[in-house]
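Peer 1: What follows is each chain in one-letter form.
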Amino acid sequence: MAYNMKEIVAEKPSRFTSGHRMCAGCGAPPVARMIMRALKPEDHAVISNATGCMEVSTFIYPYTAWTDSYIHTAFECAAATCSGVEAAYKSLKKQGKLPKDEHTKFIAFGGDGGTYDIGLQSLSGAMERGHDMTYVCYDNGAYMNTGIQRSSATPKFADTTTSPAGSVIPGKMQSRKDLTEIMEAHHLPYVAQTAAYMNFKDLYEKAEKAIYTEGPTFLNVLAPCPRGWGYPTEDLMTINKLAVETCYWPLYEIENGKYKITYKPVKKLPIEEFLKPQKRFKHMFKAGNEWMLEEFQKEVDRRWEDLLKLEEMSNKE
Amino acid sequence: MSIRERLSGNEASATAMKQINPDVVAAFPITPSTEIPQYFSTFVDNGMVDTEFVAVESEHSAMSACIGAEAAGARAMTATSANGLSLMWEMIYIASGMRLPIVMSLVNRAVSGPLNIHNDHSDAMGVRDAGWIMLFSETNQEAYDNLLMAHRIAENEKVQLPLMVCQDGFITSHSIENIELLEDAKVKEFVGEYHPKHYLLNKKEPMAMGPMDLQAFLFEHKYEQAEAMRRAKDVILEVSKEFEKMTGRKYGLFEEYKLEDAEIAIVCMNSTAGTTKEVVDLLREKGIKAGLLKIRVFRPFPAEEIAKALSHVKAVAVLDKADSLNGAGGALFTDVTSAMQVAKVNVPTASYIYGIGGRDTTTKDIESVFNDLLEDTKKEKIENPYRYVGLRKE
Amino acid sequence: MRQNEGGKIMTNIDKNTPAEKLTIAGNIYEAGNAREFKTGDWRSVRPVYIPEKCIQCGLCFPVCPEDAIPVRKDQKRVDFNYDYCKGCGVCAKVCPFGAIQMKTEGED
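In order, the protein sequences belong to chains R, L and F.
Heads up: the first sequence runs through residues 0 to 316, numbered per numbering that gives the first Met the number 0.
Heads up: the second sequence runs through residues 0 to 393, numbered per numbering that gives the first Met the number 0.
Heads up: the third sequence runs through residues 0 to 107, numbered per numbering that gives the first Met the number 0.
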């Protein structure tokens with residue numbers, strides 16, 4: 000069925016409600032809400048949430064913003080917790096202890112801290128074991144919940160509170176880890192990278208595919224953070240767009256090993272367009288720091304070229 | 000009719016798990032508890048249980064998966080030892096804080112470092128205030144029996160707390176002993192089915208667990224947890240009584256062995272109690288009134304009852320198989336002396352650290368402790384209360 | 000009001016509720032009850048909806064982090080739900096028709 004955003008929003012209930020306490024303009028709620036909308040209305044879901052911004056502001060006792068069942072245990076184990084819930088479902092279902100006609104889907108949400116870093120082992124384990132679940136990383140590129148500390152998802156040169164742009168060391172000196180590729184190395188049936196762009200079509204369709212593909216699936220979703228990235232809250236969708244149009248955050252999916260880049264910019268924008276509006280990259284635009292921009296561009300280009308090659312190679316007969 | 004068998008402590012525990020037939024088992028191998036998930040996987044792969052076995056990539060994930068499974072509405076079990084429990088530590092607190100009646104078999108072993116795979120109680124002592132009910136087992140039979148009673152206690156509506164059954168690594172876990180097993184059907188009937196009131200997989204009532212619980216609520220939630228632990232004492236006794244009716248095997252909060260008229264007594268846990276009983280018999284033959292108080296229920300700590308049981312004794316030695324490294328005796332010693340102080344029981348008491356890292360504790364060692372106590376009874380107060388037994392030193 | 004667990008009324012849990020009346024472990028059995036928690040007072044600027052300029056293109060529907068743009072079954076939006084709007088301005092920025100204008104709170 001063709002994607003019809005208006006119809007989806009009008010027809011499908013919001014399963015991530017108002018009344019949560021994420022920051023104004025946060026990039027995570029719109030994507031999480033749209034992912035939840037990809038569920039069939041008749042299906043129940045259990046959400047496993049890693050400690051992080053999303054968790055501490057959507058379930059503050061006695062209020063929860065999730066209309067499905069929800070469990071939070073700790074920072075590094077959203078995937079392991081989810082795998083336990085899924086194992087219970089399998090076992091109880093097998094024993095006839097749950098209604099036959101009811102379907103429950105399992106979705107874990109973690110930030111980049113809880114996914115790229117402290118939760119990577121738990122995620123890798125759960126994916127390898129083949130649990131029927133979707134893990135969603137909402138990537139805002141730093142430990143935002145504790146006050147913008149660098150993570151392995153933080154882009155190179157970014158100014159964070161543990162990689163400050165100093166006079167000797169100009170921000171984070173290491174490149175981002177490529178988690179989407181790490182997840183693909185698990186040979187999962189479905190892995191995708193997406194963002195809230197173009198009416199959320201890419202996001203919604205990938206979420207639907209991930210949730211309804213049997214087995215472990217993974218979504219890496221860009222979730223800009225106005226506070227951590229240093230841009231005005233209203234620019235959320237512009238930042239999303241620039242991340243995609245500069246190929247900083249390519250939109251692609253891998254289905255059973257076959258790569259498909261789901262959006263190829265007609266004209267790739269220079270990386271400055273994405274970096275410039277963000278205070279965390281401000282020092283890169285000072286005179287004498289041109290090398291930083293060059294290096295950043297080179298890395299983006301290299302990764303984009305690699306991705307194009309992967310797409311070509313994996314689709315060869 | 001019960002079944003007479005010869006099983007190691009690990010086999011006995013795995014057999015109990017098979018008969019309980021939990022919905023989910025998530026475990027990671029670690030000496031000396033490894034055999035439990037090994038045996039159990041065999042049961043799973045041969046279709047002898049309905050369990051989903053989750054072969055997790057770490058103990059942290061083992062406990063996380065157990066939490067997820069139990070929260071989902073299933074019975075979840077695990078087994079671990081030492082560093083495995085240390086790695087679980089964060090989730091141990093979360094399991095009890097979420098009031099999930101997970102049952103664990105803890106095969107006690109020394110926590111690193113340095114690395115040692117043999118028995119002491121430093122693993123259990125590290126989680127003694129983590130909100131888990133802790134039952135200790137002298138023998139394979141007790142490890143088996145405690146596991147069969149575990150769910151009835153943990154899942155009781157007045158309790159709803161996780162529970163661990165401890166036994167000594169290698170000493171009981173790998174030693175084959177005679178054991179009386181119950182028939183599967185009897186276990187099934189005794190343990191019963193698990194029907195939690197609220198659970199994640201209930202589509203009719205979607206629920207949220209594990210909130211951000213701020214200043215206005217955490218204190219009260221913790222108080223409720225403490226209350227549940229207090230209530231667990233009676234529930235343990237009720238369940239034990241029912242178990243006794245079925246099996247003839249009597250269990251209380253602790254076992255008093257020739258303690259009634261004892262003048263000197265040892266307090267200890269797990270397999271050392273067996274060694275101590277032998278020494279008590281030996282001394283009794285010589286006319287020395289020695290006795291033993293063997294702790295079964297370490298958490299909730301039966302403070303009042305212990306103080307009362309020891310009140311007539313002239314000197315007590317509390318044996319800790321883990322050094323609290325605080326310069327003031329072991330953990331069990333602190334609990335026992337505090338219990339006596341509160342109950343205004345004034346019995347001279349000494350702390351003995353023993354058996355660290357699997358150091359053999361012989362009847363000779365135990366006898367030397369009793370001999371010390373005999374000397375202590377002649378003095379006005381205990382001198383040098385922080386003692387070691389079985390340690391080489393100048 | 001809805002009753003739960005032994006007659007406890009969820010919405011009545013507050014900082015004066017005694018320990019015995021709280022839900023066990025902080026569980027919540029009314030999924031989605033955060034709707035009872037209003038976040039509108041976070042706002043310093045407010046979006047003003049100008050229906051005459053709105054062509055119901057839908058661009059603003061999914062971007063609101065607060066789900067504060069009510070969309071009817073006929074796929075048309077109505078005025079903002081100010082109970083939750085935190086005033087981030089994302090909606091105004093994505094509107095190509097000037098149908099949403101940001102105004103400082105208190106101003107007309």
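Incorrect hints may appear among the rest.
[To be verified] Partial list, derived from the structure: chain L residues whose beta carbon lies under 10 Å from chain R:
1) P21
2) S85
3) R127
4) A129
5) E182
6) A184
[As the list claims (entries may be wrong)] Each computed DSS-like pair below joins lysine-lysine, with the alpha-carbon atoms no more than 27 Å apart:
7) R:K11 with F:K20
8) L:K157 with F:K102
9) L:K196 with R:K89
10) R:K96 with L:K380
11) F:K72 with R:K200
12) F:K20 with L:K202
13) L:K157 with R:K99
14) L:K17 with R:K96
15) R:K89 with L:K363
16) R:K281 with F:K75
17) L:K221 with R:K96
18) F:K20 with L:K157
19) F:K14 with R:K240
20) R:K266 with F:K72
21) F:K75 with R:K39
22) L:K221 with F:K102
23) F:K20 with R:K267
24) F:K52 with F:K14
25) F:K75 with R:K275
26) L:K203 with R:K39
[To be verified] To spell it out: a stretch of chain L is covered by chain R in this simulated footprint if at least three of its residues, at any positions, have a beta carbon under 8 Å from a beta carbon of chain R; those stretches are:
27) 88-102
28) 205-219
29) 223-235
30) 284-296
Read the hints as simulated data drawn from the structure, not as lab findings.
Values in this document were obtained by computation on a predicted structure and should not be read as measured data.
The C-beta atom is built at its ideal place from N, Cα and C for all residues, glycine as well.
Peer 1: A separate judgement is required for each hint: does it hold in the structure or not?
Peer 2: Verification of the supplied hints:
Taken as an interface hint, P21 (chain L) checks out: its beta carbon lies about 9 Å from the nearest beta carbon of chain R, inside 10 Å. The beta carbon of S85 (chain L) comes no nearer than 15 Å to any beta carbon in chain R, farther than 10 Å, and the hint placing it at the interface is violated. This hint is violated: R127 (chain L) has a C-beta 21 Å from the nearest C-beta of chain R, more than the 10 Å allowed. The interface hint given for A129 (chain L) is violated, since its Cβ lies 14 Å from the closest Cβ of chain R, which is over the 10 Å cut-off.
Checking E182 (chain L) against chain R: minimum C-beta separation of about 21 Å lies over 10 Å; hint violated. Interface restraint check: A184 (chain L) against chain R, minimum CB-CB distance 17 Å, threshold 10 Å, status violated. Of the supplied pair hints, the one linking K11 (chain R) and K20 (chain F) is violated, its CA atoms being roughly 35 Å apart against a limit of 27 Å. Among the hinted pairs, K157 (chain L) with K102 (chain F) is inconsistent with the structure: their alpha-carbon atoms are about 55 Å apart, more than 27 Å.
Simply put, K196 (chain L) and K89 (chain R) have alpha-carbon atoms about 20 Å apart, close enough for the 27 Å limit, and the pair holds. Restraint check for K96 (chain R) and K380 (chain L): the C-alpha separation of about 62 Å exceeds 27 Å, so the hint is violated. In summary, the hint linking K72 (chain F) to K200 (chain R) is supported, as the alpha carbons are separated by about 20 Å, within the 27 Å threshold. Of the supplied pair hints, the one linking K20 (chain F) and K202 (chain L) holds, its CA atoms being roughly 25 Å apart against a limit of 27 Å.
The hinted pair formed by K157 (chain L) and K99 (chain R) fails the criterion: a straight-line CA distance of about 32 Å is larger than 27 Å. Pair hint K17 (chain L) plus K96 (chain R) holds up; C-alpha atoms about 19 Å apart against a cutoff of 27 Å. As the CA atoms of K89 (chain R) and K363 (chain L) are separated by approximately 54 Å, the hinted pair breaks the 27 Å bound. This hinted pair does not check out: K281 (chain R) and K75 (chain F) have alpha carbons roughly 41 Å apart, beyond 27 Å.
A threshold of 27 Å between alpha carbons decides the hint, and for K221 (chain L) with K96 (chain R) the separation of about 32 Å lies outside it, so the pair is violated. Proposed proximity of K20 (chain F) and K157 (chain L) is supported: the alpha carbons are some 15 Å apart, at most 27 Å. The hinted pair formed by K14 (chain F) and K240 (chain R) fails the criterion: a straight-line CA distance of about 43 Å is larger than 27 Å. Restraint check for K266 (chain R) and K72 (chain F): not satisfied, since their Cα atoms lie roughly 38 Å apart, outside the 27 Å limit.
In summary, the hint linking K75 (chain F) to K39 (chain R) is supported, as the alpha carbons are separated by about 22 Å, within the 27 Å threshold. Restraint check for K221 (chain L) and K102 (chain F): not satisfied, since their Cα atoms lie roughly 46 Å apart, outside the 27 Å limit. Between K20 (chain F) and K267 (chain R) the alpha-carbon distance is near 59 Å, which puts this suggested pair outside the 27 Å criterion. For the hint linking K52 (chain F) to K14 (chain F), the alpha-carbon distance of about 45 Å lies beyond 27 Å, and the restraint is violated.
Taking the CA atoms of K75 (chain F) and K275 (chain R), the gap is near 36 Å; set against the 27 Å cutoff, the hint is violated. Note on K203 (chain L) and K39 (chain R): the hinted pairing holds, with a Cα-Cα distance of about 16 Å set against a maximum of 27 Å. With 4 residues having a Cβ less than 8 Å from any Cβ of chain R, the region 88-102 of chain L passes the three-residue criterion, so the hint holds. For the region 205-219 of chain L, the proposed coverage by chain R is satisfied: 10 residues have a C-beta within less than 8 Å of a C-beta in that chain, meeting the threshold of three.
Against chain R, the region 223-235 of chain L contributes 0 residues with a C-beta closer than 8 Å to a partner C-beta. That does not satisfy the three-residue criterion, and the hint is violated. Only residues whose C-beta sits within less than 8 Å of a C-beta in chain R count toward coverage, and the region 284-296 of chain L has 0 of them, not enough to reach three; the restraint is violated.
Consistency note: the structure conflicts with the earlier hints numbered 2, 3, 4, 5, 6, 7, 8, 10, 13, 15, 16, 17, 19, 20, 22, 23, 24, 25, 29, 30.
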